[in-house]
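Novice: Chain by chain, the residues:
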Amino acid sequence: MSVKTNENWEPKILAFCCNWCTYTGADLAGLNRMKYPENVRVIRVPCSSRVNPQFILRAFQKGCDGVLVCGCHPGDCHYATGNYFTRRRFMLMQRLLEYNGIDPKRFQAKWISGSEAAKFRDTVTKVSAEIKALGPNTKFAEPHFTEGGDK
Amino acid sequence: MALSEKDIELKIREEAKKALATGEVSCVIGWTTTRFPDKMKPFFAETEAECDELVWNKYCINGTAKYALDDRYPSKKFAIIARGCDSRAINRMLKDKQLLRENLYIIGVVCDGKENPICEECQHKNPLTYDVLIGEPVPEQIDEKRFAEVEAFEKLSPDEKYEYWAKQYDKCIHCYACRNACPACNCVECYADQYRTGWQGKASDRIQNQVYGLTRAFHVGDRCIECGECERVCPMGLPIMRQTRKMLKDINDLFGDYECGMPDDAMPVLGGYTLADPDEFM
Amino acid sequence: MARIGVFICHCGTNIAATVDVEAVAAAAREFPNVAFATTYKYMCSEPGQAMIKESIEDYNLDRIVIASCSPRMHELTFRKMLKGTKINPYMLEIANIREQCAWVHTDRAKATEKAIDHVKMAVAKVGKDKPLTTSTIPITKRALVIGGGIAGIQAALDIADAGFDVTIVEKEPSIGGHMVMLDKTFPTMDCSACISTPKMVDAGAHPNITLKTSCEVEKVEGYVGNFEVTIKEKAKYVNHDLCTGCGLCQTKCPTKVPSEFNQGIGTRPAIYIPFAQAVPSKPVIDPTCCLKLTKDKCGICEKVCPLQAINYKDETKYTTEKYGAIVVATGYELVDWAKMYPEYGGGKYADVITGLQFERLVNASGPTEGHIVRPSDGKEPKDVVIVKCVGSRDQNKGKSYCSRACCMYSAKHAHQILDKIPGSNVYIFYMDVRTPGKGYEEFYDNTRADGAQYIRGRVSKIFKEGDKLICKGEDTLLGKQVTVEADMVILATAMEPAANIADVAGKLGISIDSDRWVTEAHPKLRPVETQTGGVFLCGTCQGPKDIPDTVAQAGAAAAKVMALLNHDEMETSPMISSVDQTKCSGCGYCVEVCPYKAISLIQVPGRDGNRKVTKTVADVNSGLCQGCGCCAATCRTGCIDLKGYTNEQILKEVDALCQ
Amino acid sequence: MEKILNRKEGKLLAERIAREADVKLHECYQCGKCSAGCPMADAMDLMPRQIVHLMQLGDMTEVMKSKSIWLCASCHTCVERCPHSIDIPTLMEKSRMEAQRRGICAVRDVRLFNDIFMETVRGFGKSQEVILEGAYNVTSGHFFQDMKNVPKMLQKEIVRPELNQVNAVNEVRDIMKECEKGGANR
Amino acid sequence: MKKFAYFPGCSMDSTAVTYKASLEYVAGRIGLELKEIPDWNCCGSTAAHTKNEKLAYSLAARNIAIAEDTYPDLDIVTPCAACYSRLAYAKHAAEDEFTRQEIERIIKRPFKGKKEILNFLDVFSQEDVMQACKENMVRDLSGLKIACYYGCLMSRPRKITKAEDIENPMQMDKIIELTGATAVEWDFKTECCGASHQVDAPRQSRPLIERIFRNAKANGAQAIVTACPLCNMNLDMREKEINEMFSKKYDIPVFQFTEILAIGMGAGAKTSGIHQHFWPAFDLINGVLRANFGKAGK
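Chains as they are written, first to last, in my numbering: chain W, 1 to 151; chain C, 1 to 282; chain D, 1 to 659; chain L, 1 to 186; chain Y, 1 to 298.
Everything labelled a hint here was simulated from the structure, so no lab data went into it.
Warning: the hint list may mix true and false statements.
[As the list claims (entries may be wrong)] Here are the computed lysine-lysine pairs in the DSSO-like style, where the Cα-Cα straight-line distance is at most 30 Å:
hint : chain 1 : residue 1 : chain 2 : residue 2
1    : Y       : LYS240    : L       : LYS67
2    : D       : LYS199    : D       : LYS524
3    : D       : LYS348    : Y       : LYS2
4    : W       : LYS126    : D       : LYS643
5    : Y       : LYS2      : Y       : LYS174
6    : D       : LYS524    : D       : LYS583
7    : D       : LYS339    : Y       : LYS159
8    : C       : LYS18     : C       : LYS145
9    : D       : LYS464    : Y       : LYS2
10   : Y       : LYS145    : D       : LYS464
[Unchecked claim] Which bits of chain Y does chain L cover? Going by a derived footprint, with three or more residues having C-beta under 8 Å, they are:
hint : segment
11   : 2-8
12   : 13-20
13   : 54-67
14   : 72-80
15   : 261-270
Beta carbons: idealized from backbone N, C-alpha and C, even for Gly.
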């Protein structure tokens with residue numbers, strides 16, 4: 001069975017959100033009862049600079065179809081400078097992954113502040129749609145995830 | 001007038017002896033012969049007599065610098081015969097605080113290339129850091145094709161790229177030879193050996209090898225001195241430099257001219273930032 | 001083996017309406033190490049909390065997951081609850097199934113599936129939680145105020161009145177700052193010295209306040225509650241313990257140099273008390289112009305001093321003291337307009353003066369005893385031009401910002417001239433008149449009623465012809481060029497931060513903006529705090545402002561300091577970085593990325609095989625670390641890790657999601 | 001008077017001119033320092049500041065009708081003293097070119113002088129001060145302007161009768177022809 | 001000593017006789033070699049850029065292009081402030097690659113626009129040139145009070161001229177003080193004299209001249225010194241008219257700075273050109289020289 005043609009297939013998308021901005025923004029989206037696709041799971045981190053690029057590799061390896069890293073806008077970091085490091089790390093990471101055959105849409109980063117609930121919703125919706133269009137991640141995942149995709 | 005190979009060899013021996021004679025140096029790291037005329041091996045000359053076994057010819061291809069890490073807490077100095085690449089390796093480890101400059105006596109030798117394909121791309125034939133220099137400095141060339149291979153590869157489709165790397169990592173036997181040779185891989189304990197944290201599986205399958213390959217590229221990418229030791233020692237012939245060069249190319253494109261192993265104070269790219277960095281995540 | 005309890009909250013119907021909580025509980029029971037799972041209507045309520053506590057006992061749980069609202073909502077509530085149980089408060093993870101699940105989805109099946117995933121991730125993470133204890137750090141109940149202007153004095157007095165020791169460090173020989181130079185204060189026209197000198201005297205006499213004049217901060221170490229500050233005391237060449245401040249020395253000193261306090265109008269001797277009301281009212285010797293110290297001649301002051309208080313061999317001294325809090329009140333300086341505006345004569349005309357120079361001219365205790373006269377020839381000026389925004393609102397030549405106080409003090413100057421010199425004319429060239437303050441607009445009205453001519457336009461050139469200074473401007477309301485032949489010109493020069501602010505900020509680890517003003521932690525909600533814990537700010541070091549705003553801000557900063565010093569010790573978050581020093585390579589990259597300078601490289605004894613060696617490894621200062629985790633992601637070895645968000649935990653979370 | 005441009009076109013034109021002159025019109029807060037220092041301001045019907053303000057409003061009709069754009073001496077005093085370094089001479093120059101293109105000219109003599117100047121350059125490759133002055137006086141009707149100085153000039157050998165000419169004068173003519181192609185001249 | 005590619009400009013061949021004579025004399029004395037750019041053309045002056053930007057750049061660029069071809073190693077120097085400004089503008093325009101190529105197309109010559117464009121104040125304030133001038137001084141002009149008038153185009157706009165101080169430049173002051181004369185401090189060094197409008201808008205631009213005389217006089221100057229043929233002619237030729245028009249009695253001769261240097265170096269009245277002034281200048285110089293004659297020293 002080809003998973004790609006399965007209309008019921010839902011991608012698994014992991015979002016690392018910094019506690020001070022994006023996680024707050026996501027909470028605000030909830031408070032405002034905004035709606036977005038169910039296929040995004042959030043991992044809370046104190047700062048986007050806490051996200052080790054190896055976490056992203058791990059997610060792909062374990063069968064995630066897409067990964068999103070979100071933090072405060074540059075200049076607004078709760079820890080003053082963390083997201084500047086995030087910015088460098090993940091611009092390079094994205095390019096390295098693309099170079100290894102992974103579509104850059106599968107790994108994205110975005111600045112979303114605590115008040116930008118709508119931006120969180122829109123980002124998640126857009127990423128979700130993009131990854132759904134790309135189909136399951138077969139390139140990097142451990143073999144048993146590539147066959148069938150269902151657990 | 002350029003020194004002949006033999007002249008240099010004699011000078012190396014002379015300087016090695018001088019270094020040992022000071023009493024501050026425990027051994028001189030260089031090369032000596034093997035039973036194959038076209039293979040030289042790394043050699044640690046500890047006595048004056050052993051100094052005469054040091055050789056210099058176009059088969060002296062092993063990097064010498066990383067052997068200094070064999071003893072991280074030496075009681076005496078190491079003397080290192082350093083070509084341009086070795087001096088950059090030394091600078092790498094100095095900046096990573098894995099070596100102390102006062103523990104090193106660097107015998108720089110101007111190198112006109114060895115029987116090693118990477119030497120054709122060499123941008124630093126003259127040692128950048130040394131205590132004594134053998135040979136007249138030669139004009140440096142700029143390798144116009146430094147990123148040509150990467151650029152060509154970037155043009156492939158995602159599937160082609162993936163297929164290429166899949167084939168490569170299928171070959172990989174997860175032996176860590178690249179890590180052991182690399183002057184930038186200088187951690188006391190590699191992340192890949194920390195099974196409890198679970199960064200990395202031990203198995204040698206495509207996925208684990210890919211994870212290792214990419215993680216390593218990311219760990220050394222902003223510190224790679226482009227000596228090519230990783231590829232040289234790889235028993236399976238993986239194009240390992242192609243990953244790190246990609247990182248270097250992107251760094252050059254995004255953050256300005258960048259070359260590692262220089263004798264300056266610049267932090268590796270991932271250890272710093274500027275407010276003017278490009279931003280793609282708005 | 002961990003024994004995990006999972007508690008799923010209905011939150012009334014907030015969660016339960018969209019998520020099948022029972023299905024989540026059922027799924028949770030199947031996760032490894034889950035010993036117990038249940039649901040409840042309101043987990044955060046009293047009975048809910050009681051139920052959790054009972055379950056911990058009943059099922060011998062050693063860690064729990066609560067699936068409920070956002071951890072930003074009730075994580076602290078549940079931590080507090082755990083304090084009364086055998087479980088450490090940090091053996092807790094919250095799965096957010098309300099804000100980020102139930103409220104944002106409508107498809108019940110999919111929402112339930114997502115909730116299960118969130119619980120699964122939390123279970124995976126909690127399995128690797130370790131008990132953490134908040135450590136407490138003692139607080140040194142003393143405050144340091146950097147800068148002895150009105151901001152520093154006010155902050156120090158407020159803190160000292162609350163019973164804490166305060167030290168004021170002032171780089172000049174006397175406290176007082178700019179306010180004491182001023183003649184009158186707008187809009188009430190009360191005498192500036194009359195209201196500020198009593199405060200100076202109070203500060204000097206307060207039992208809890210130590211004045212350190214002629215001093216600068218040399219080094220700052222430590223962290224909130226525990227700063228170790230090295231203070232550099234410049235040589236005064238006068239023993240202030242012996243000196244009674246009789247002032248004989250300064251009357252005998254043969255040297256005369258321009259007086260800083262009088263802004264170059266008038267002179268002072270080499271041994272001098274900066275001004276009559278100075279605190280401390282004792283002289284110092286200026287080593288750059290003293291004949292004895294520069295040429296080894298003279299020595300008169302030593303001879304005339306009845307108490308032998310003069311000491312030419314005095315040297316710079318350094319002292320190190322501990323403080324719990326620091327207030328930055330370094331104030332402002334006027335920009336060097338002469339460099340910026342050659343078209344205004346670039347400083348070559350003595351009668352083109354700054355507002356601050358005018359303050360000294362008009363001040364009864366100033367060099368002219370309050371007579372407004374031209375510095376060049378001592379004549380009384382009849383036609384005076386005031387030029388506003390000299391250096392302010394000028395991207396090209398000066399600063400882009402508005403200096404805020406100039407509109408008002410220019411009006412005050414106009415009023416004073418019109419008042420003191422009968423028949424005089426004052427022309428004020430302005431762009432906008434900004435009077436946002438109580439009584440300010442009325443003051444502006446009165447100044448116009450006094451006869452001040454306001455001309456809307458920026459002066460283009462000031463040049464001299466004969467005795468007159470010709471000011472060329474445009475009256476932009478008429479659209480015509482206008483020329484005023486003035487006897488004196490007063491420039492309302494822009495404020496800029498103290499010259500050494502970057503240096504001070506660097507020592508304190510606080511940030512400054514592109515105009516070098518100190519950045520507050522939050523422009524609206526944390527206006528007197530800085531990014532560094534325990535360091536506060538007030539006055540014009542943060543931005544141009546007038547005296548009322550400065551004093552108000554000083555009080556606010558003092559209140560923050562008092563709130564901090566009121567505690568004997570403070571809790572630090574245990575969720576900070578720590579280093580596995582056995583694995584650390586000592587490369588120091590974590591040191592570079594840390595925004596709080598919390599990581600340093602230290603030497604520790606270690607082993608290399610059988611040898612005993614000294615290793616260089618990273619070390620985290622728990623007082624400084626704020627727990628961002630940037631270091632953890634930088635470390636290639638993974639030996640520096642963030643407690644509560646360890647590498648292992650996040651990897652487990654990722655794995656759990658994908659299983 | 002007839003409106004040559006409607007508001008919207010004026011706005012677009014003003015924006016284009018500002019862009020070409022690398023000026024951000026909004027930055028001007030009308031302090032008037034430009035006009036205060038302008039040597040020609042007395043002769044101008046609109047202050048340089050007002051020119052900028054009209055451009056902010058998009059009223060290019062007024063700008064192009066004004067004498068000011070013709071009287072600007074391009075001395076650049078205004079730019080150097082402006083708090084925002086607004087390049088008024090370039091705004092004036094570009095407005096002047098636009099006005100010429102539309103056949104508007106509020107100061108006939110200035111245009112006349114410039115035209116004659118360029119024609120002498122076209123004729124000889126270099127400017128000829130005597131011919132220039134003479135031709136200008138004749139065409140403008142100011143017959144006796146500066147004529148008092150002529151005898152003295154001749155007497156003191158300040159001007160000589162011979163003409164200076166570029167050998168490759170065709171090259172200069174070609175350059176002029178090429179540049180005038182797009183009708184920028186008129 | 002030093003060589004430059006020399007762009008005289010149209011005025012040098014007509015009205016600026018005194019400048020030409022004195023410049024040639026001084027250059028000869030200190031060994032400054034000026035290589036005239038062959039077959040140069042008018043820089044376009046103010047008229048060209050009033051009418052057509054492309055034309056303004058192209059006319060000036062043709063001269064630079066010829067100099068690039070003929071004297072690839074020499075910097076270009078020009079005596080006229082307007083020419084200087086136009087050439088410098090063309091060079092500035094060439095920084096934009098698109099514009100540079102467009103200019104090349106129009107002038108049908110290769111045009112790099114990398115050459116340094118200098119005016120004679122730049123040249124004479126170079127240290128070695130100053131030194132050479134100093135060594136060649138034979139007369140003492142002490143007591144002569146001079147207002148150095150720089151005009152607009154030598155200093156503005158800053159992005160073109162890269163001038164350090166545009167309100168109070170000092171280059172010329174230092175140069176003329178080599179002769180012993182005093183450069184007075186005054187305020188109209190770089191105020192516009194309105195030269196470009198003196199023909200086509202005389203009524204409006206005459207007052208610009210008057211204010212320069214007024215400020216120079218107010219600050220005690222006996223003479224004004226310029227470094228541009230246009231400024232010089234404008235002030236010198238119209239001084240009489242100004243006096244009539246404004247009922248003033250200014251008696252301020254206007255010199256080129258090279259004239260002052262030439263006099264200092266011993267040039268006679270004819271060589272230095274002072275007999276060709278509109279406003280008589282001979283008496284002032286003669287008086288100063290007489291007063292200093294016999295004084296110890298030179």
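Novice: All hints, please: hold or fail.
Specialist: Do the hints match the structure? See the list:
no., hint, result
1, Y:LYS240 with L:LYS67, "holds, 28 Å"
2, D:LYS199 with D:LYS524, "holds, 29 Å"
3, D:LYS348 with Y:LYS2, "violated, 37 Å"
4, W:LYS126 with D:LYS643, "violated, 34 Å"
5, Y:LYS2 with Y:LYS174, "holds, 20 Å"
6, D:LYS524 with D:LYS583, "violated, 44 Å"
7, D:LYS339 with Y:LYS159, "holds, 19 Å"
8, C:LYS18 with C:LYS145, "violated, 40 Å"
9, D:LYS464 with Y:LYS2, "violated, 40 Å"
10, Y:LYS145 with D:LYS464, "holds, 18 Å"
11, 2-8, "violated (count 0)"
12, 13-20, "holds (count 4)"
13, 54-67, "holds (count 5)"
14, 72-80, "violated (count 0)"
15, 261-270, "violated (count 0)"
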